[in-house]
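With the hints as your guide, set chain B onto chain A.
Protein chains: 2
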Amino acid sequence: MASRKEVADLAGVSEATVSRVLNGVGPIKEETRRKVLEASEQLGYVPSALARSFARSKSGNLGVVLPYVPKAHLFSAYFFSEMLSGIGSKARDNSMDLLVMFRTPGEVMNYTDLFRRQKVDACIILGARDDHEELAAMQQLHQEGHPFCVMNQHFEGQSFTEVDADHVEGSRLAIRHLTDQGYRKIAFLNGPDSYSNSQERMEGVCLGLQEAGMELDPSLLLKGNYSRRSGIEAAAIVADRLHEIDAVFAANDRMAIGVMHGLRERGIGPADFPAFVGYDDSDAAEMAVPPLSSVRVPFFEMGELAVSKLMHGSVGDTHKANNSVVAVTESARALLPTELIIRASSIRQ
Amino acid sequence: MASRKEVADLAGVSEATVSRVLNGVGPIKEETRRKVLEASEQLGYVPSALARSFARSKSGNLGVVLPYVPKAHLFSAYFFSEMLSGIGSKARDNSMDLLVMFRTPGEVMNYTDLFRRQKVDACIILGARDDHEELAAMQQLHQEGHPFCVMNQHFEGQSFTEVDADHVEGSRLAIRHLTDQGYRKIAFLNGPDSYSNSQERMEGVCLGLQEAGMELDPSLLLKGNYSRRSGIEAAAIVADRLHEIDAVFAANDRMAIGVMHGLRERGIGPADFPAFVGYDDSDAAEMAVPPLSSVRVPFFEMGELAVSKLMHGSVGDTHKANNSVVAVTESARALLPTELIIRASSIRQ
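Going line by line, the protein sequences match chains A and B. According to the working numbering, the first sequence is numbered sequentially starting from 2. According to the working numbering, the second sequence is numbered sequentially starting from 2.
In short, the hints are calculated from the structure, not lab data. One or more hints might be untrue.
One copy or any two copies: either way a pair holds, since identical chains are not told apart in the list.
Calculated cross-link-like contacts (lysine to aspartate or glutamate; reagent style EDC-like; alpha-carbon spacing at most 20 Å) [stated by the list, open to error]:
#, residue 1, residue 2
1, K120, E16
2, K120, E31
3, K224, E204
4, K6, E42
5, K30, E108
6, K186, D273
7, K30, D114
8, K30, E135
9, K224, D241
Just chain A, same shape as in the assembly (with noise of 0.2 Å):
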């Protein structure tokens, strides 16, 4: 067989581009490329790494695993598109391409497999489920060592990479914010305990009442799914009860868009509204009437940060992201700060 030096030759190039174009590694003119694939055709040369294994060149890709729920529509949750572009704008700076991956409710994935296929050199999961399979699923792929990142979901006991954002101080924030301001009566429109991110904002609303002497009443408790359908049917409790509800917030913006509209399908307009607090500070809660006060939560960023973390490895450190100090909380968890963003919906009159 042809040895890369004879293809070099032939091709007149050096034999780093002879690897470099056969591995489809960095940018290459195209008629370099060409020159180098006639060479390599014609005398019938085959790098000997490929022959070996698969696995181990560079697919230049970026996999990105997100739950995939027919009719949903995933792009459009906010909170979703807007880590999308974060990895997809670092991704770029990378040179690197999305490999984008649904996966099915109960559908267990193959991780490892992706990497063992060349089909991803490193890989972003957002929607983990907190179940037995999924965390079998990714000690598999941290055994075997490669780099992956677990987004808005944390996995107790386990030192994954993982990039979060500070839910129990965000909920801890919208809560003072109101108790400071006078209100007792607050409604909690919570998400499903099943994502640790709903279990984190209860944490915080707990620890905000406990600070203002206060405690979480459990008839004001109210789930919804992260749904502005769910927050249209709590609504309805609201409506009933609006003499007994002077606040009300919502683990997303989305949710508590919802309740707004239930009640004034119900008649009752702006001026009886309770207060309102949302989270996420999606752009519908700037275009909401009133414009409603929420939590933000850096999407965009969380998506960069993740992509760096793989990029360069840069796991347990204290990271700086976009100017702000990023607390890492365990060895390999990075959490981003939120942010009260305070709008005419929960300021009292």
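Using the frame of chain A, we list chain B on its own:
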């Protein structure tokens, strides 16, 4: 060198399975894959097709090219995220992964290179520009027979596979809805002419006015750039001429909602608003106060259809998507129907 048959014998599988494993095609049990890879490695087997050309085997990836504007948070734009969701949904049905690639404005994409480097098997191009270089790149793709589809942009006089929506008809419907109710002083806030979409909206507006025996008043033609910010800016003109303007048709919802916000900032309440019709029927339209009438564009279905066209090569026929017949105006261009959704913002009191 060993033959495929020897590898198959050693691994205890069929020759077809050896090919499937080494080409990364179709679902294969991990156990089988491992056996084949081990046998190939042990025997030093290299599939000859691989030696001849990287370009001929399948990557299993569907490429999606998106315009990249730093900080624009692209996935958040309603129509991009909906189209991507549709693309992702149908890609998943076809067991393909999405390879998302960003292009900076002004960057000349080497589309054919993506195919040669075996990064993608087919390609969908969103946000294509209408200029000479872009056209040349696509003509090259077309000539080389690579499957690709242009979405939401029309190249006049070419026979590219295109998926778009009927914006002429959508805009005509919006105007007729207004003129039928007696609105006569209709401001039209359009986006930049460089998008074929904007030109089509203009055509539909002129057609609708003509049908009502009216003409476009050039002083009521306002220019924005599809951002909410540009709607807020246009509100200055609308506010100044409130007595001369009884309705506003905006080329997307974000601009319409921007105008509403700009009017509110100037102390003009919904009771004194002109009638409003937006475009896209994004989730923001439903959440607006008052709820915004809007032209619905089936972005999700457009994404699905683009993938179907690429997968099945069904070009030039009459398609059925979601039970609605799709009109095909040119051999390879599919135009999905638009629909006016009427809400409180445009109903004459």
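Hints, one by one, checked against the model:
1. Within a single copy, K120 and E16 get their C-alpha atoms no closer than 25 Å, and across copies no closer than 23 Å, so neither meets the 20 Å cut-off.
2. Proximity of K120 to E31 under the C-alpha cut-off of 20 Å is restricted to the inter-copy arrangement: shortest distance 15 Å between copies versus 23 Å within a copy.
3. In the homo-oligomer, the alpha carbons of K224 and E204 lie at most 20 Å apart inside one protomer (15 Å), although the nearest pairing across protomers, at 48 Å, exceeds that limit.
4. Proximity of K6 and E42 under a CA criterion of 20 Å is satisfied intra-copy only: 14 Å inside one chain copy versus 24 Å between copies.
5. In this assembly of identical chains, K30 and E108 lie within 20 Å of each other by CA distance solely across copies; the values are 15 Å between and 42 Å within a copy.
6. Proximity of K186 and D273 under a CA criterion of 20 Å is satisfied intra-copy only: 15 Å inside one chain copy versus 36 Å between copies.
7. Taking the closest pair of Cα atoms, K30 and D114 come within 20 Å of each other only across two copies (10 Å); inside a single copy the shortest separation is 32 Å, beyond that limit.
8. Only between protomers do K30 and E135 lie at most 20 Å apart by alpha-carbon distance; the minimum there is 18 Å, versus 42 Å within a single protomer.
9. Proximity of K224 and D241 under a CA criterion of 20 Å is satisfied intra-copy only: 16 Å inside one chain copy versus 46 Å between copies.
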